[in-house]
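Asks: Letter by letter, the chains look like this.
Number of protein chains: 2
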Amino acid sequence: MSDFSIGVDLGGTNLRIAAISTDGQLLEKITLGVKVTLGPDHCINEMCEAIRRLTEKYRRGGSFLGAGIGIPGIIDMEAGMLRKSANLPGWSDYPVRAEIEQRLGARVFLDNDANVAALGEKWLGAARGVDNMAMVTLGTGIGGGIVLNGKIWHGMNGMSGEFGHNMIEPDGVPCGCGSHGCAERYASATAVVRMAQEAIASGAAPELAKAASADAEFGAKSIYNLAIQGDDQAQKIFRRFGRALGLMLGGVVNTLNLEMFVIGGGVSSAWDAFAPTMFEELRERSLVYAATAPDDPLARDTGREEGAAAQVVSRTRKKTIITRALLGSDAGLYGAARIPAA
Amino acid sequence: MSDFSIGVDLGGTNLRIAAISTDGQLLEKITLGVKVTLGPDHCINEMCEAIRRLTEKYRRGGSFLGAGIGIPGIIDMEAGMLRKSANLPGWSDYPVRAEIEQRLGARVFLDNDANVAALGEKWLGAARGVDNMAMVTLGTGIGGGIVLNGKIWHGMNGMSGEFGHNMIEPDGVPCGCGSHGCAERYASATAVVRMAQEAIASGAAPELAKAASADAEFGAKSIYNLAIQGDDQAQKIFRRFGRALGLMLGGVVNTLNLEMFVIGGGVSSAWDAFAPTMFEELRERSLVYAATAPDDPLARDTGREEGAAAQVVSRTRKKTIITRALLGSDAGLYGAARIPAA
Chain A
7 MSDFSIGVDL GGTNLRIAAI STDGQLLEKI TLGVKVTLGP DHCINEMCEA IRRLTEKYRR
67 GGSFLGAGIG IPGIIDMEAG MLRKSANLPG WSDYPVRAEI EQRLGARVFL DNDANVAALG
127 EKWLGAARGV DNMAMVTLGT GIGGGIVLNG KIWHGMNGMS GEFGHNMIEP DGVPCGCGSH
187 GCAERYASAT AVVRMAQEAI ASGAAPELAK AASADAEFGA KSIYNLAIQG DDQAQKIFRR
247 FGRALGLMLG GVVNTLNLEM FVIGGGVSSA WDAFAPTMFE ELRERSLVYA ATAPDDPLAR
307 DTGREEGAAA QVVSRTRKKT IITRALLGSD AGLYGAARIP AA
Chain B
7 MSDFSIGVDL GGTNLRIAAI STDGQLLEKI TLGVKVTLGP DHCINEMCEA IRRLTEKYRR
67 GGSFLGAGIG IPGIIDMEAG MLRKSANLPG WSDYPVRAEI EQRLGARVFL DNDANVAALG
127 EKWLGAARGV DNMAMVTLGT GIGGGIVLNG KIWHGMNGMS GEFGHNMIEP DGVPCGCGSH
187 GCAERYASAT AVVRMAQEAI ASGAAPELAK AASADAEFGA KSIYNLAIQG DDQAQKIFRR
247 FGRALGLMLG GVVNTLNLEM FVIGGGVSSA WDAFAPTMFE ELRERSLVYA ATAPDDPLAR
307 DTGREEGAAA QVVSRTRKKT IITRALLGSD AGLYGAARIP AA
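Chains as they are written, first to last, in this note's numbering: chain A, 7 to 348; chain B, 7 to 348.
Don't read these hints as lab results, they were simulated from the structure.
Since this is a predicted model, take the numbers as computed values, not measurements.
Treat the hints with care, as some may be off.
Treat identical chains as interchangeable: a pair holds within one or across any two.
As the list claims (entries may be wrong) - 30 Å max Cα-Cα, derived DSS-like pairs, lysine-lysine: (1) K324 x K90; (2) K35 x K227; (3) K242 x K90; (4) K41 x K216; (5) K324 x K157; (6) K242 x K157; (7) K90 x K35; (8) K227 x K242; (9) K41 x K227; (10) K63 x K227.
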């Protein structure tokens, strides 16, 4: 057996905690129903109890190296606190890292959830062995994480990778950030639903209207299902999604000229519906992508083996590889556990 | 006296060569009238003769560490050749680095002209002491260079920093790169002249029309002169310029969260005409800039002392500083000389 660390995913509805060995094996994963939105006190107690349970169990096989915690929001790395988190009210003035370190008697690292997901995909997923990459997480909004020289690039204030708010339509849909036409207003689950509602309101989308009234959980997934069944309006929404994502990625590719961009998050499962227009737009919009695009970018989108093949291409012929994530919602757990182990 | 290196600026109409000491003192600068567009053979002979003259003279005081050469175009760093350069036909199949190294018997480094300008401003200019910065060069087009952890960030193919081709207007002006609405179509010398021509053609810009017909060298500078004399149409052009630049910078700030962005190049002398709308747009368009903007960004734009003050702010209160370059056209010479000396 080998040394291990703990990765924690503090986002979403559940609290997930995993013990992961330094060679990347998942030893055990615990999912707690605790509501992180209820505030830090109770949540941190439950989390630390679960971590202790795991560390006591796996300490027999190797040393416990510490815990990494992925959090949706902007992290003050120096203070070990949340600076701002829309989903975690009551957490921003709480000394999160210090409290957990004290209870565990171990090193604790906080980081943004999109950043740890990027590190997870770099360590064990689609970008395994790729030292310079970015990850785009398509969910309610767009999350972003950048890995340079094998490490998370935090920027000056831990705010790097906010390319979901890069403008792709100057007079476009207003965004909560104060701007208009941000990429995430066109390429996220929220955006897919909005575009469907607009299509329904226009009267031009009978299938979407039917699904919306029949399905209590009508959302991006239902709209994707209609798209794969051939509904033109649903397909149109994902084509627009792909164009928006391509426009956004074009700017990031031009700026950073990275080896790989990994597309993850729940909505990335609609890949076949949005990827063709994404690549089309990228090739037209980004001179760096046009100069470095693989001959058939869509051929490289499935399975670990092809992901690995893509990396070889990337390192030898130096192509810009844009591909799907491989670790699903576990990317963040792996990446968080990687921080104390690196 | 101290060790020294040679910086070469291979762009533009002249060939400039400087001997610079490791502590940043310009020892001597030579400007040759040789036309780099006539091809590499003659040019490299003249360059090497000038370098030899300098190295023989200053070798008495310290060791010669090598030469750095800034070149407009995409450099193949591994091969030491130009991959693509619009301004230097005939250079792309020539073993530039090998030829110069052989003649000088010293280490030679080729790099993109915008990259070495960024390194120069980081070493001795507006970003002195700032380890993570980018430079935007406003000239015929927009050049870009990124410095991370004190070193030029080249990206995978030496194509990083091409943010002049980031889209700021989806259906905008066609660009030579194959896209539409690239930032440099709105925020460059070429763009200023185009916007003036459009204003003249519309019949709404009598002062611009008068200047265009009277001035044989009518260009961005003449239009700026009209703007500072109060001509509304000329001012409008620079306001639009500033908005475009702000839009472009907004995306780069969101993506990288750097400490400083230095604006240089010939058209940066029109700073007072475009900076107000640039900052306005940035604040609205970039959530990262909005969260990290200094109270009065325009207060930090003149002189070396204020540049230095801006850096202190940047390092302690962690603001995003956007400021004017300080080294003018010498930035590239200093930056090129820095590479062998670093």
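Asks: Look at each hint and say if it fits the structure.
Replies: Now the hints, each set against the structure:
1. K324 x K90: For K324 and K90, only the inter-copy Cα distance (16 Å) is at most 30 Å; the intra-copy one is 38 Å.
2. K35 x K227: The answer is within: 27 Å in one copy meets 30 Å, while 65 Å across copies does not.
3. K242 x K90: Classified as neither; 35 Å inside a copy, 38 Å across copies.
4. K41 x K216: For K41 and K216, the Cα distance exceeds 30 Å both inside one copy (34 Å) and across copies (70 Å).
5. K324 x K157: For K324 and K157, the Cα distance is within 30 Å both inside one copy (20 Å) and across copies (21 Å).
6. K242 x K157: Neither way: K242 and K157 sit 38 Å apart in one copy and 44 Å across, limit 30 Å.
7. K90 x K35: within (28 Å within a copy, 51 Å between copies)
8. K227 x K242: So K227 and K242 pass the 30 Å test inside one copy only (15 Å; across, 46 Å).
9. K41 x K227: within (25 Å within a copy, 61 Å between copies)
10. K63 x K227: neither (39 Å within a copy, 72 Å between copies)
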